[in-house]
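S.K.: Residues per chain are reported as follows:
Number of protein chains: 2
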Amino acid sequence: MEPTRLDELFLREAIRLARRSVLEHGGGPFGALVVRGEEVLGRGWNQVTTANDPTAHAEIVAIREAAQHVGDFRLQGCVLYSSCEPCPMCLAAAYWARIEAVWYAADRRSAAAAGFDDARLYGELALPAPRRRLPCRQHLAVEGELPFREWLAKPDRVPY
Amino acid sequence: MEPTRLDELFLREAIRLARRSVLEHGGGPFGALVVRGEEVLGRGWNQVTTANDPTAHAEIVAIREAAQHVGDFRLQGCVLYSSCEPCPMCLAAAYWARIEAVWYAADRRSAAAAGFDDARLYGELALPAPRRRLPCRQHLAVEGELPFREWLAKPDRVPY
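From first to last, the protein sequence lines are chains V and D. Mind the numbering: the first sequence is residues 35 to 194 in our numbering, read in order. Mind the numbering: the second sequence is residues 35 to 194 in our numbering, read in order.
Here chain V stands alone, though its shape is the one from the complex (with noise of 0.2 Å):
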């Protein structure tokens, strides 16, 4: 996959917005842009801090514009253009939006170097929930299964 001019250019306005974010809205050094074909559908930056919301990462903020932008949560021929490697949490999102593909400019070694450990959760996520730092258990299995069963059993249910 060879980017094209206009991969870059968007690729560029994300790195921007990025700049932007450090630079006048006291954000986190993140950027990002959700494009279908020329047409910018959503732009994010890093809100954690100024928003105080720990989810507010620039893809969410860019898939979340985007999604109430064109009345859908299903965003499929979007590129995702982001200034860096997007967080598991952002890729995981992106997959729920069924974004087509990814451009980032710096990677999660460059975050890690600035103090953004992406690196280190893409570790964690990989290893069997055992020997994760964050204790995940599972309780009430069989109570659990009732709101599958009802949401299997109701005719008008909107699938994803």
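Everything labelled a hint here was simulated from the structure, so no lab data went into it. From a predicted model like this one, the values you see are computed outputs, not experimental measurements. Keep in mind that the hints are not guaranteed to be accurate.
When chains are identical, the list treats them as one kind, so a pair holds in a single copy or across two.
As the list claims (entries may be wrong) - Listed below are the simulated SDA-like cross-link pairs for lysine to any residue, each with C-alpha atoms no more than 25 Å apart in a straight line:
1) K188 - R142
2) K188 - R108
3) K188 - D106
4) K188 - A148
5) K188 - D151
Once you've looked at the hints, dock chain D against the given chain V.
M.R.: Frame of chain V, contents of chain D only:
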């Protein structure tokens, strides 16, 4: 880690939120709570299709609400209760939010049986980038360093 009576109570409440999501809100069959001590700081149910937000999983909604409630992106000392094992997006969000422990009822296999293929997404994220279904490519790596350099040069930055 054995569940306490309170863990059980909050986990049941998360299941109740999941059932209400299906039966009352027309949302997906997932519910979650963020709790500190005995206080519920955030509640969420799946609003992906109802709010056109691919990131609006129950856990993300609950984490965002809790962070707003306490006015801090760090939810130290908090436990996340979810009606179902968190997907990689939500688990990564729990890490970013400094959640201390996670309890869930149904697991990824039950979710898959109900049509939600979180298990496959765990597999994808554990793969090296070139082997993933979603193409994810780097370009403009040098320009991508700029936001980090500006960030590190900023004396009043808020690290996280």
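S.K.: Confirm or reject each hint.
M.R.: Going down the list of hints, with the structure as the test:
1. K188 - R142: between (43 Å within a copy, 21 Å between copies)
2. K188 - R108: within (22 Å within a copy, 38 Å between copies)
3. K188 - D106: within (21 Å within a copy, 38 Å between copies)
4. K188 - A148: For K188 and A148, only the inter-copy Cα distance (12 Å) is at most 25 Å; the intra-copy one is 48 Å.
5. K188 - D151: between (42 Å within a copy, 19 Å between copies)
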